[in-house]
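There are 2 protein chains.
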Amino acid sequence: MTEFELIERYFRPLTLDRPETGALKDDAAVLTPPAGCDLVVTSDTVNAGRHFLPDDPPETIARKALRVNLSDLAAMSANPLAYQLNIAFSQNAFPPKDWLDAFTGALRDDQIAHNLFLLGGDTTVIDGPLSISITAFGTAPHGKALRRAGAKPGDRILITGPVGDSGAGLDLLQDRLTLPDDLPQNAETKETLIRRYREPEIVTSAADLIRIYAHAAADISDGLPADLGHICKASGVCAEIMAAALPLSPEIRALHARGLRTWPQIVGSGDDYKLVLTVPPEHAKDLCDKLKPHGLHAAVIGSCRRPPAENAPLTVRLTGPDGKEIPLPQAGWTHF
Amino acid sequence: MTEFELIERYFRPLTLDRPETGALKDDAAVLTPPAGCDLVVTSDTVNAGRHFLPDDPPETIARKALRVNLSDLAAMSANPLAYQLNIAFSQNAFPPKDWLDAFTGALRDDQIAHNLFLLGGDTTVIDGPLSISITAFGTAPHGKALRRAGAKPGDRILITGPVGDSGAGLDLLQDRLTLPDDLPQNAETKETLIRRYREPEIVTSAADLIRIYAHAAADISDGLPADLGHICKASGVCAEIMAAALPLSPEIRALHARGLRTWPQIVGSGDDYKLVLTVPPEHAKDLCDKLKPHGLHAAVIGSCRRPPAENAPLTVRLTGPDGKEIPLPQAGWTHF
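Listed in order, the protein sequences are those of chains A and B.
Residue numbers for the first sequence follow the working numbering, so the first one is 1 and each next one is one higher.
Residue numbers for the second sequence follow the working numbering, so the first one is 1 and each next one is one higher.
Please note: incorrect hints may appear among the correct ones.
Which copy is meant is left open, so a pair is good if it fits within one copy or across any two.
[Unchecked claim] Taking lysine to any residue and the SDA-like style, the derived pairs with C-alpha atoms no more than 25 angstroms apart in a straight line are:
| id | residue 1 | residue 2 |
| --- | --- | --- |
| 1 | K144 | L31 |
| 2 | K25 | L314 |
| 3 | K25 | P329 |
| 4 | K144 | K292 |
| 5 | K144 | I212 |
| 6 | K233 | E20 |
In short, the hints are calculated from the structure, not lab data.
What you are looking at is a predicted structure, and each value in this text was computed from that prediction instead of being measured.
So here's chain A without its partners, still in its complex pose:
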């Protein structure tokens, strides 16, 4: 198969025949951003053996590669528009046709769900593992995209769904966690947690709503303390969150009750890809209600505080159900 045949058969259909893409036959694509809108731009690379497991199904690799970018757009309150796909195929394991069919089919399904098209990209071969770089574009009214800076003392801290599932899924995959035999529905629990690691569930339909209500936002890719910490540093506030208020899946709740997932493990593991928002107190409950039709079960988990002194560190504190502080790893996930 030549590069041109590969592009024509597998990738050109993902352009949805949009004229901006020139059917992937020009040196570049030509995007006309909607009038009055900013273009929100994000890039994420996922590498086999690092960000997904080499034997993961092609559908889940496709979903992870695209959704980690969609999560960044959601965190900026941007509406998805298009994406560039740069894919480096492993020389030693060039994928067979059914892999390519499944991979591009999953991209297509997610494109339809999130209303975006493939704008362009590049296909290469690498003397190493499969590597996928996506650059995604979204739109937001000029000057209105949500940033990490903007949180104010008194803001309520919201989270748009349960945390800790992905971290437990990865630990299960890598044998750092074993489910006890007495856990009800053991096989289903394992499968559910692993699926949540492999395929983050992203909601992009609430961007307009979040943009109206929230002061600041970030997605939880590096773990709640790290990502909320970024909001604190950018905004000059401290954050206090309550373990008892954290939304947990039934699976994590059961593991936590048995002492198999500690609070730092639940909140500190990355890859959850929920959003953490800061919202003026008078709108917090209202926003939670309005997010429900989008399939988001948001919860208020704490508040932003003015730092106790001018040069005090901008901390994220977690209080346990017993009222005592739970020490948190502040650094979060780093790749080096």
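With chain A fixed as given, assemble chain B onto it according to the hints.
Using the frame of chain A, we list chain B on its own:
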């Protein structure tokens, strides 16, 4: 070094403190495209061992990674604006600080020369060779970006500089070409050809001029027959080019005279990153003159022709100095 320290020390300075970038601290960047302009978007990935050699100097790797994208923008007659940098560092050879200094320093110099800034990106680690994906953004007046379609029968075919240097440079590096001992200035010739392979020389300042005069354009990354062939297929024309009219560097001219580079080798090797343009005949000479102040020594190398019959193949024909046709590989460079 944590990921955040790496970004802060080496990559944030490349944002040139542009507010669009949010100092690389947000989930995404926010670009406000200039009013009345389209955004031209291109992506290219370069992988060590495939698109550059693993021991190449960091400066030349940086220049190649960025310039192959700038070449695509130039081919679309777009003015450079910004770029996303996704870099996957090899786990087994994480670069030392002087490598990172040299790499980012070269990016910075090219940014200044071509008037663009780092908008965002991602840094990861890969269990394989260094891989660099860049997505570059340029601007062109709405609807005016040059495409491959648009060439008309009678158009003159222009090339913006000599071809064949990069291919010879790569063959020298990989011992497929040895310079004869009697060649004058042997060492300089070798160095020059290798540098042209490693560091394509790109001109982006002529975009406005080319957009006014040319009907169609492509960059020569896959070799002249392949890239001109794309213009022919997109435009419904045939192309005839004259070997005697091709601009050649003194180095290639000397090798050709000794029978060490054949015409198919000279025109067929990729990586030259000159532009091939089709221009109405009355403007061809004028455009060549106007390109000189931009450092481009363009030459008219042939013409576009109406296909001889309705379903005739849209061919690229090369005629030798003796008037006879020189068979060309039509497929060009493909990665698979």
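Against the structure, the hints come out as follows:
| no. | hint | in the structure |
| --- | --- | --- |
| 1 | K144 / L31 | both (21 angstroms within a copy, 12 angstroms between copies) |
| 2 | K25 / L314 | between (50 angstroms within a copy, 16 angstroms between copies) |
| 3 | K25 / P329 | between (48 angstroms within a copy, 20 angstroms between copies) |
| 4 | K144 / K292 | within (23 angstroms within a copy, 45 angstroms between copies) |
| 5 | K144 / I212 | within (9 angstroms within a copy, 36 angstroms between copies) |
| 6 | K233 / E20 | between (39 angstroms within a copy, 19 angstroms between copies) |
The structure is consistent with each of the numbered hints, conforming to all of them.
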